[in-house]
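Take the sequences, apply the hints, and build the full model.
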Amino acid sequence: MKPSLPQVARIVQIVDESPRVRTLVFDLSMAADPGQFVMAWLPGVDEKPFSLMRAQPVTLTIARVGPFSSAVHRLGVGDRLWLRGPLGQPFILPPIEAGQPPAGGTNGEALLLVAGGCGVAPLHFLAERARAQGWEVWVVIGAQTAADVILANRFAALGAQVRIATEDGSRGEQGLATDAAERLLHSTRFRMVYACGPEPMLEAVEGLAQRYRLPAQLSYERYMRCGFGVCGSCSRDGWLVCRDGPVRQVEIQREER
Amino acid sequence: MTLADLGVSLCGIHLPNPLILASGILGTEAKLMARVARAGAGAVTAKSCSLLPRRGHPNPTVLAWEHGLINAVGLANPGVEAEVKELRQARALLQPLGTALIASIFADTVEHFAQVAALVIEAGPDLLEVNISCPNVHDEFGTPFAADRGAAAEVTAAVKEAAAGRVPVLIKLSPNVSDIAAIARAVEAAEADGISAINTVTGMVIDLHARRPILANRSGGLSGPAIHPLAVRCVYDIYEAVRLPIVGIGGVSSGRDAIEMIMAGATAVGIGSAVYEEGPEVFGRILREMADLMAELGYERVEQMRGVAHW
Ligand SMILES: Cc1cc2nc3c(=O)[nH]c(=O)nc-3n(C[C@H](O)[C@H](O)[C@H](O)COP(=O)(O)OP(=O)(O)OC[C@H]3O[C@@H](n4cnc5c(N)ncnc54)[C@H](O)[C@@H]3O)c2cc1C
Ligand SMILES: Cc1cc2nc3c(=O)[nH]c(=O)nc-3n(C[C@H](O)[C@H](O)[C@H](O)COP(=O)(O)O)c2cc1C
Ligand code: FES
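Protein sequence lines correspond, in order, to chains A and B. Its first residue numbered 1, the first sequence is counted upward by one per residue in this note's numbering. Its first residue numbered 1, the second sequence is counted upward by one per residue in this note's numbering.
Quick list of in silico lysine to aspartate or glutamate cross-link-like pairs, EDC-like style, CA-CA up to 16 angstroms:
no.	chain 1	residue 1	chain 2	residue 2
1	B	LYS31	A	ASP244
2	B	LYS85	A	ASP237
3	B	LYS31	A	ASP237
4	B	LYS85	B	GLU122
Quick list of the computed label-pair ranges, beta carbon to beta carbon:
no.	chain 1	residue 1	chain 2	residue 2	range
5	B	SER9	A	LEU5	34 to 44 angstroms
6	B	THR202	A	PRO57	29 to 39 angstroms
7	B	ARG38	A	GLN56	36 to 46 angstroms
These are calculated hints, taken from the structure and not from any lab test. Backbone N, C-alpha and C fix where the C-beta goes; we use that ideal spot for every residue, glycine too.
What follows is the structure, encoded as structure tokens:
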């Protein structure tokens, strides 16, 4: 049996991303890929899943939404959290055509990343990997208001093109992330669409990908217990978010005749 | 060479093969149970359900340590009303595959066991498994029904009466007792149709840095490879003590382990924690290994191996 007990990790840095969201950097590294997650345990409180925002060192971006995340927000530098993972299936970057140099070798095609809420965390990890391989990356960050927009500068620092959509129009384009994504799909050649965020957003992104005949990779959330495909808590019609996912691969569907 | 026939009959119900998905592992949803059936299970057991919904214990609830799993999920379930709907869907999905459906129930009192049994039978499961490893609240010491001959027999009789001959009743025993054979005799006397054994073995894992048990419930149930020899011994003892068919459960993760259970006396074999390493596909692998081993050992049918370790 491959043990996967929690590993103790100390917080070495805390960055406030917004009034509700902070990023924690730990003194621990993992061999992991973008899209994978860890179960974070705070003894006496709870254990909950969080996507890796970075694996070396392990970095988590956590929104304060309930008892567990609030307890994590009360921690300071030097405090400990226990992490088990990496768990789940990662996002996969498209293969780069053989014989072409990575930079500019992506055939003028770009990757579209659509992030809602804390979905920015795994997509930031993905953007970092994709940029390192030479991919042109476009990111749409959707949020309710300007105050909820997070990591935009970090994506920009990676050399990604950033579009922001807020529901109240207080920053970037007014509307949903998917509206902004559709405008980009209209004007730019993409190879793959990636999305992480609330389920209605994922559904809309899947619809867009079908319409523009692009494969998509969507990352889902469910309440989790084991995190490794045993307890059945996270089933989505027989598909286990923790083990088969959290990333779901959506192929291009054949045209109906 | 003729291919070994893996079919077995459990309490008069035909199973295409003796491998059964154990309760509480992936048994939460109809489509998930159907997926395990397609992966090769001869029967699937649903997660145990109670009269009312239960949230279960807070996390951490399930961990993988070096030699198996430990869990204290706390019998989280949506309650029997929602369970009946799920089981009906599961039945419709399993029937074309020829896979049997086993409902699983638990309760806090004998009366509630009978009530849940009567309700869950409406969904038409092929078998009904009764998880008596939970604490008996009638007893001021909170001993599980499975640890007391009288309590185990009372639950068995009450559920049998509620089942009214419409579905065979399996009583699932706990290994956390001094004499499992005595409990088996008591449930046989109360007219159980079969016995499932074993449930998890009480254990604990402590984190050295946190200086406390990792499971929120502190203690939990061990399963997987760590408990396999213990489970084989229980099945062996029960087989000596009673004439009822036995579903042998505990740490089975290979064809070898499954045949060992059958040689100890099991009619069918439960698989739970083994899905941890390979997912539902573990059923296909164990079946292939069983067929190969049967050919090697010179057996054509599963029942030829049953109980041969007793001499
Ligand atoms: C694979 C995976 C990766 C995740 N990655 C991150 C991440 O990187 N950053 C992050 O902040 N969070 C992430 N989450 C979500 C995080 O696990 C939950 O927000 C967690 O439940 C917070 O615990 P809590 O006790 O603070 O709040 P809870 O009490 O669990 O929740 C507070 C409120 O939020 C609602 N809620 C919780 N989870 C969800 C959900 N999945 N969908 C809709 N509503 C929900 C609850 O209903 C409740 O009203 C991830 C979840 C999964 C499954
Ligand atoms: C996560 C988990 C949940 C379980 N839930 C139940 C349950 O609800 N009812 C039950 O009778 N047994 C339950 N069990 C016990 C199993 O059905 C089985 O008896 C035990 O795990 C031993 O088999 P194994 O080693 O193949 O896992 C559970 C086991 C695990 C690991
Ligand atoms: S959380 Fe247990 S199966 Fe996914």
